Amino acid sequence: MSCVADWPAPVKPTDARLNITDDAQDDALVRAFAAGDARAFDALYARHEQALYRFVRRLLGRDLAAQADEVFQDTWLRMIQAAPQWSPQGARFRTWLFTIAHHRAIDMLRRSGREQAWGIDADIGEGGDVPFSPAGEPWLDWPAPTAAAPEELAFWQRAGQRLLSCLEELPLPQKAAFLLHHEDDLSVAELAGALGIGFETAKSRLRYGLSKLRTCMGAYLPAADLKGGGV
Amino acid sequence: MNALPPNQPSDGDDELLPDARLRSALQHAPDGASRPPPALRSAVLQAARASLPPRPAWWQRLLGIEPGHAGMPRLWTAVAGVGAFGLALNLAWQLSKAPRPTEFDKVAAVSEAKRDVAPEPPIAPLKEKAAEPLAPATTSRAAPAPQAAPPAERQPMELAQAPARRGAAPAPAARSPSIAPTTADAPAPAAPPAPPAPVVAAAPQAATTAAENGTKELAKEERSNLGRLADAAPAKAQADGSADARARGALAPAAVAPTGVAAAPFPASPGADSTRSETAPLAAAAAKPAAPAVAESFARAKSADKAVAPAAWPLPLARFSNALNSATDWPPGWQVQGPADFAAPRRAWWLAMLAGTAGRWQAGRQPLPPSVEAGPTWRLHGPDGAGFVVTLADGQAWLQADGAVWQAPWAVMPAR
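These protein sequence lines are chains B and A, in that order.
The letter at position 109 of the first sequence is residue 109 when you use the numbering used here, and the numbering goes up by one with no holes.
The letter at position 98 of the second sequence is residue 1098 when you use the numbering used here, and the numbering goes up by one with no holes.
Calculated directly from the structure, the hints in this document are not laboratory data.
Any given hint could be a false lead.
So, partial list: chain B residues that the calculated Cβ filter (under 7 angstroms) puts toward chain A [to be verified]: (1) F72; (2) I80; (3) A82.
All values reported here derive from a predicted model rather than from experimental measurement.
Quick reminder that beta carbons are idealized off the backbone N, C-alpha and C, glycines included.
Hey, can you work out the whole structure from these sequences and the hints?
What follows is the structure, given as structure tokens:
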């Protein structure tokens, strides 16, 4: 742990995908679109296009990247059809949109007959992985992503690439829980509501997902390599 | 570099908090800037626009028409409602309002204004027999026509009526304001065939009477109305009258004299002849006692009938009709004399209907058939004394007013 002081600080999020959008503005745009304003949909689409597309691609992974466009389009079409009946009811539009995408992705996997391979129906302990034990794992020595220095930015880009590879190893339920938890900042309770599962199930999926990702990231990207800039 | 404490997941739910390092790695992943293909973006945007209902045009928005909404637009619903309400209101008003004034009302109004200056004396009450007074009134109009020669039994009535109208005979002259002389008055002047001389001599006296009553203008107007009515008589009646005149061309002079006298209007207009203008030649012709002058008298009477203005409804009838139209019961101020059953309002209304449809009546100077004289007769007169006589006989209704006779089928009226 001696090298902790030398780790780069976590980079402050600059991507708009993590900026919590103005929920009220989203609600107003949805209502305007339901009332017949096409420009409201344009604005709504522009606000969530990139984040949704990224979420779908990460959720489906490389193997189903060809279906990402279909899921993305189907998600928007479902949203268009359901817009007149949509009401916030305490949920954000972004969460609602991501939930639709998740369901469409599940449907896509089931149509392709790969739900077993992707562990859609798996529950706690899916994959037979041993619960994560943080002690002694190299990921704990990762630098804190706060600075935006060039060398640190390169580090985090390599870490991101590594994370995408690790995500490929996760079952889809855990992957969805992780992405919604980290991309959309959903709490466990919100995650359970969005995915239509119980709280404990949601918490378990998230815990196992995080454990696997941390293990994966620490195993393949030691802190020494990170600091050295090499992979 | 800022040194941060490493993420140390605890045994509790803290480990479920978003991992800052995983999040940072996720943000810097290579696919962070990936975007859908432009074609996919266009497809989504087009799908969104296609799902929207077509935007109504400006005129549709103005009229409240929304393409996606079925049914009648709001504006047209309002217009239809207002139109239906207006129609109903108009119908209700049309059904409830009083009849519009007719040409009779105009005549009555003009005459009323003049009668206010010189009120007409009331008609004499019916004394004994209601049918008999009809004879003079009827014959007085029927006489001057080519069919002038009435039946022999009616000549006394004609002779009695002529002085009564002109005020020539002493006894009838005093009763000239009445519509028709009573039975008791008729024989007095009718006893001898009326010579022409009394008629001519009676003219100044009649003029004096008219001057005293101040009804010169009224007499002129009523004479004009009478002439128009006579002119409007059906051609059939004129043809019949001409045939009768030819058949009676050889009548005695005693029967000729009343024909010329009968050109005068009904005695309801007292002293009207004193101010006559167009009937003066007739009176002069009638005043000639010579028998050869009969044909000339007939010819002049006939030409005079043709020369007069179109027929008009008699003033008393017009007044009665107006009074009935404005009343819900028997018109106030009007009195009826005769059999009691005619006083029923129902009969009065039927009479008003007949009076309001002048076209149904055959007007003209036609003689009353003998059977008419025997029929029930009612005498109606208004507050000013002017009135008319109704006789029902032979399935016909006969109206006598202002010296003229009108006939209409009695079938349109309820059974007696």
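_In rising order, the numbers of the hints this structure does not comply with_ = Violated: hint 3 alone.
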